[in-house]
Amino acid sequence: MDVYVLSQIVNGLIFGLIYGLIALGLTIIFGIMRVVNFAHGEFLMLGGYALYLFTVTLGLHPLIGLPLSMASVAAFGVLTERVLLRPIYTTRIERPEEYAIILTFGLSLFLQNGALATAGAYEYTPNSFWSGSVPVIGDLWLSGDRLFAAAMAVVLILATLLVMYRTWLGRALMATAQSRVGATVSGINAIGMNMTAVALAGLLAGAAGALLSPIFLVYPDVGVVPVVKAFVILVLGGMGSIPGAVIAALILGLVESLGSVYISLAYKDVYSFLVLIAVLLIRPYGLFGQKERRA
Amino acid sequence: MTRFEKLAAVVALALALVVPLIFDSYLIRVAATALYFVILATSWNLLLGFAGVLSFAQAAFAAVGAYTSGLMCLHLGTPPIVGVICGGIVAAAVGWVLARMCLRLRGPYLALMTIGFSEILRLVLQIEHEFTRGSLGLEMPYLFPMDEPNHALGYLVMLALALACLVAIYKFVNSEAGLYLKAIREDEDIAQAMGIDTVKWKINAFVVSSLLAGLAGGLFAHLFVQVIAPQMLLLSEMALILAATIVGGLGTLAGPVIGAVLLVVGQEVLREISPHAHLLLFAILVIVVMKFFRRGFFGLLQDRLRSRGLLATVPPFTKL
Chain F
1 MDVYVLSQIV NGLIFGLIYG LIALGLTIIF GIMRVVNFAH GEFLMLGGYA
51 LYLFTVTLGL HPLIGLPLSM ASVAAFGVLT ERVLLRPIYT TRIERPEEYA
101 IILTFGLSLF LQNGALATAG AYEYTPNSFW SGSVPVIGDL WLSGDRLFAA
151 AMAVVLILAT LLVMYRTWLG RALMATAQSR VGATVSGINA IGMNMTAVAL
201 AGLLAGAAGA LLSPIFLVYP DVGVVPVVKA FVILVLGGMG SIPGAVIAAL
251 ILGLVESLGS VYISLAYKDV YSFLVLIAVL LIRPYGLFGQ KERRA
Chain L
1 MTRFEKLAAV VALALALVVP LIFDSYLIRV AATALYFVIL ATSWNLLLGF
51 AGVLSFAQAA FAAVGAYTSG LMCLHLGTPP IVGVICGGIV AAAVGWVLAR
101 MCLRLRGPYL ALMTIGFSEI LRLVLQIEHE FTRGSLGLEM PYLFPMDEPN
151 HALGYLVMLA LALACLVAIY KFVNSEAGLY LKAIREDEDI AQAMGIDTVK
201 WKINAFVVSS LLAGLAGGLF AHLFVQVIAP QMLLLSEMAL ILAATIVGGL
251 GTLAGPVIGA VLLVVGQEVL REISPHAHLL LFAILVIVVM KFFRRGFFGL
301 LQDRLRSRGL LATVPPFTKL
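So the protein sequences, as listed, match chains F and L. For what it's worth, our numbering labels the leading residue of the first sequence as 1, then goes sequentially. For what it's worth, our numbering labels the leading residue of the second sequence as 1, then goes sequentially.
Since the hints were derived computationally from the structure, they do not count as laboratory data. Every value quoted in this text rests on a predicted model; they were computed, and no experiment measured them. Careful, some of the hints might be misleading.
Said to hold, decoys possible - If you only want the chain F side, here are some residues facing chain L, beta carbon under 10 Å, derived:
id, residue
1, Ile101
2, Val232
3, Ser264
4, Asp269
Said to hold, decoys possible - Far from chain F, by Cβ distances over 12 Å, these chain L residues were calculated:
id, residue
5, His75
6, Arg304
7, Leu310
Unchecked claim - Here are the in silico distance ranges between beta carbons for each label pair:
id, chain 1, residue 1, chain 2, residue 2, range
8, F, Val181, L, Glu139, 58 to 68 Å
9, F, Ile93, L, Arg304, 16 to 26 Å
10, F, Pro67, L, Ala9, 51 to 61 Å
11, L, Gly134, F, Val5, 42 to 52 Å
12, F, Thr91, L, Glu176, 40 to 50 Å
13, L, Phe23, F, Thr91, 43 to 53 Å
14, L, Asp24, F, Pro67, 52 to 62 Å
15, F, Ser128, L, Arg304, 58 to 68 Å
Backbone N, C-alpha and C define an ideal beta-carbon position, used for all residues, glycine too.
Sequences and hints are given; from them, build the entire structure.
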């Protein structure tokens, strides 16, 4: 296999892992709250700006900046949940799905234009996590930032899976996803679970944004294209399925890289849409989703 | 319609007709932009406000109409009027395909699909710049075979389409089909149990809505924009349509009209501060309106007018 193909595949997997971070958060929010967060791309953007703020403006080490950025985005997510999304659960609201989509879309518009108004239409470069390149396999060299992003993504995805499947908190989250009433009856604070879900998703989105920012820089609409891909992953994996999101993310990363090698590089971002169409035609409930049952 | 409603409609129409007589060319163009948004917001409102279908592709359908027509003029040399009509048909056909794929599924699939569709179409138009002229912009010849674009005439054409669109949607939502759509919006399960083919009617509404958007996109591009670029598909364009509808009043006929006019006025007033200031303002307004008075500005007005018997009573649907 020549180096070009290999590098594309490795890059595809790296981006798959980053998409995984984004899609995992989206999936957790959807699974627990039944809300698609249309402002998720802007959570990503906030993570990038936060890293710039911590590393360049305040001059902290990027390894300290990363957890701080993640925490800031998580805090912002919790604020969003508290102010905008909680009424869905505490008051009787007509057509909650429509309410949630429009509010989060409005929030996304607000954040993008807020960033444009405060930071301007410039590209910011946060400090690099690991400058320089590293030989990986044979002649294949990767930039340190990409390797670091991939490694951190693996760590964070595994940590999330661990929390979801091996702790009481994860069990409570899953129970809430399955049945809010059942979970509440068993003594789980379902509203608290909403907050936890958004915080978790904020941590992951903040990490993805911060990890991508030294590679692709930060600007107001940096989150738009990645979040569209995360939407595709959400559908491909099956809405609300956690293993589905991780596997679908890797599949999408590979499809993009193989598509750019064998079909056309210019169309890299378009393949995800073809995947979406194929899923909706062949297996609309996704790889790991359940066929919808309604009570 | 009550006498008050007829009076309000006649006054609004008279005001709209006076515009080309008293305004200069620049302001006529601004007023035509308002009409463009009136058409897009009204047709989007047919989806969300009446059928409960949430799409993010209304700006994309306008772009499909405009690009179809522009590309036909460039590559086939067809007259713009033929192009506009074909643009509308292509937009309706694309709308049918998207709706067919997503609307048989419950859940947010259509919202996700349409947001993907508009982003990807934007990328494709940019990538295929040899065919579409990409970011350089596709030149749109003037609609009529004239040397100088005549803004007053263009305004009247847009006004005619806006009126046709409003009348068509008024008829549609007040027909039996309109009742089906409202039933679907209120409770899809019950609507289905009552024997309504919910998927079919949602698709029908979607096709009508994308047809109108496609026609508006083509006409406006030929009359006023003259050079179109893939920026037409940015999600912020869609956000303007959404904001106009929500702020004006979802699920009402007058709401999107009021919202579109407010939007364009806001855009002109705030232009001096920053070209994006109106987007920020409208984003805040969307959040505030959704959170505190979901029926928009016209919804607030509606209650006052209705309690005085000035508006026609509506069947007792649940409040938004």
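Hints, verified against the model:
Checking isoleucine 101(F) against chain L by beta carbon gives a least distance of about 6 Å; that is within 10 Å, so the hint holds. Interface restraint check for valine 232(F): the shortest CB-CB distance to chain L comes to about 6 Å, inside 10 Å, so the restraint holds. A hinted interface residue such as serine 264(F) counts as satisfied when its beta carbon comes closer than 10 Å to some beta carbon of chain L; here the least separation is about 8 Å, so the hint holds. A distance limit of 10 Å between C-beta atoms decides the matter here; for aspartate 269(F) the minimum to chain L is near 5 Å, and the interface restraint holds.
Every beta carbon of chain F lies more than 12 Å from that of histidine 75(L), the smallest distance being close to 21 Å; the non-interface claim holds. Interface exclusion of arginine 304(L) from chain F stands, the closest Cβ pair being 21 Å apart, more than 12 Å. At roughly 25 Å from the closest C-beta of chain F, the C-beta of leucine 310(L) stays outside 12 Å, upholding its exclusion from the interface. The beta-carbon spacing between valine 181(F) and glutamate 139(L), approximately 60 Å, falls within the hinted interval of 58 to 68 Å.
At about 24 Å, the CB distance of isoleucine 93(F) to arginine 304(L) agrees with the hint of 16 to 26 Å. At roughly 60 Å, the beta carbons of proline 67(F) and alanine 9(L) sit within the given window of 51 to 61 Å. A beta carbon spacing of about 29 Å between glycine 134(L) and valine 5(F) contradicts the range 42 to 52 Å that was offered as a hint. Between threonine 91(F) and glutamate 176(L) the Cβ separation comes to about 34 Å, which falls outside the hinted range of 40 to 50 Å.
A hinted range of 43 to 53 Å holds for the C-beta pair phenylalanine 23(L) and threonine 91(F), which are about 46 Å apart. At roughly 58 Å, the beta carbons of aspartate 24(L) and proline 67(F) sit within the given window of 52 to 62 Å. The hinted range of 58 to 68 Å is satisfied by serine 128(F) and arginine 304(L), whose Cβ atoms lie roughly 60 Å apart.
Hint compliance for this structure: hints 11 and 12 are broken, all remaining hints hold.
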